[in-house]
Amino acid sequence: MVESEPSDSIHKNETPMEFVREHKDILENLAKHGSPIEQAMAKAYMELYGDSSG
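Residue 2 in this note's numbering sits at position 2 of the sequence shown, with consecutive numbering throughout.
Among the hints, erroneous ones may be present.
In silico PhoX-like cross-links for lysine-lysine, where the CA-CA straight-line distance does not exceed 25 Å [to be verified]:
id	residue 1	residue 2
1	Lys24	Lys43
2	Lys24	Lys12
3	Lys32	Lys43
4	Lys43	Lys12
Here are the computed distance ranges between Cβ atoms for each label pair [what the hints assert, rightly or not]:
id	residue 1	residue 2	range
5	Asp25	Leu48	28 to 34 Å
6	Pro36	Asn13	28 to 34 Å
7	Gln39	Asn13	26 to 32 Å
8	Asn13	His33	15 to 21 Å
9	Pro16	Ile37	16 to 22 Å
10	Glu47	Glu14	16 to 22 Å
11	Lys12	Met46	28 to 34 Å
12	Ser35	Asn13	27 to 33 Å
13	Glu14	Met41	15 to 21 Å
14	Glu18	Met41	14 to 20 Å
15	Met41	Thr15	30 to 36 Å
No wet-lab data here; the hints were simulated from the structure.
This structure is a prediction, so every number in the text was calculated from the model and none was measured.
Think of the CB as a built atom: it goes at the ideal place given N, C-alpha and C, for glycine as much as any other residue.
Work out the full structure: start from the sequences and follow the hints.
Take a look at the structure:
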């Protein structure tokens, strides 16, 4: 059986900073509208790995 390379962004090898850049809209949405734990986790992830320039 030949395995193909996954093309989905979930499977690619990216840094946490790249993940925040590529999925900032999702993280911001979770930070505003998610459950309390989702809000806390999204905010913490963006604080740790997000772009501090803007």
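Verification of the supplied hints:
Pair hint Lys24 plus Lys43 holds up; C-alpha atoms about 11 Å apart against a cutoff of 25 Å. This hinted pair checks out: Lys24 and Lys12 have alpha carbons roughly 17 Å apart, not beyond 25 Å. At roughly 9 Å between alpha-carbon atoms, Lys32 and Lys43 fall within 25 Å of each other, so this suggested pair holds. Proximity of Lys43 to Lys12 is assessed by CA-CA distance (about 23 Å); at most 25 Å being required, the pair is judged to hold.
For Asp25 and Leu48, the hinted distance range of 28 to 34 Å is not satisfied, since their beta carbons lie about 18 Å from each other. With their beta carbons about 31 Å apart, Pro36 and Asn13 fall inside the hinted range of 28 to 34 Å. As the Cβ distance of Gln39 to Asn13 is approximately 28 Å, the hint placing it in 26 to 32 Å holds. Asn13 and His33 have their C-beta atoms about 29 Å apart, which leaves the hinted 15 to 21 Å range violated.
Checked against the hint of 16 to 22 Å, the C-beta distance between Pro16 and Ile37 comes to roughly 19 Å, which is consistent with it. Roughly 19 Å separates the CB atoms of Glu47 and Glu14, a value that falls within the hinted 16 to 22 Å. Between Lys12 and Met46 the beta carbons are some 20 Å apart, a value that contradicts the proposed interval 28 to 34 Å. Between Ser35 and Asn13 the C-beta distance comes to about 29 Å, which sits within the given range of 27 to 33 Å.
In this structure the supplied range 15 to 21 Å holds for Glu14 paired with Met41, their Cβ-Cβ distance being about 18 Å. Separation of Glu18 from Met41 is about 18 Å and conforms to the stated range, judged on CB atoms against 14 to 20 Å. For Met41 paired with Thr15, a C-beta distance near 18 Å fails the hint of 30 to 36 Å.
Consistency with the previously given hints fails for numbers 5, 8, 11 and 15, ordered from lowest to highest.
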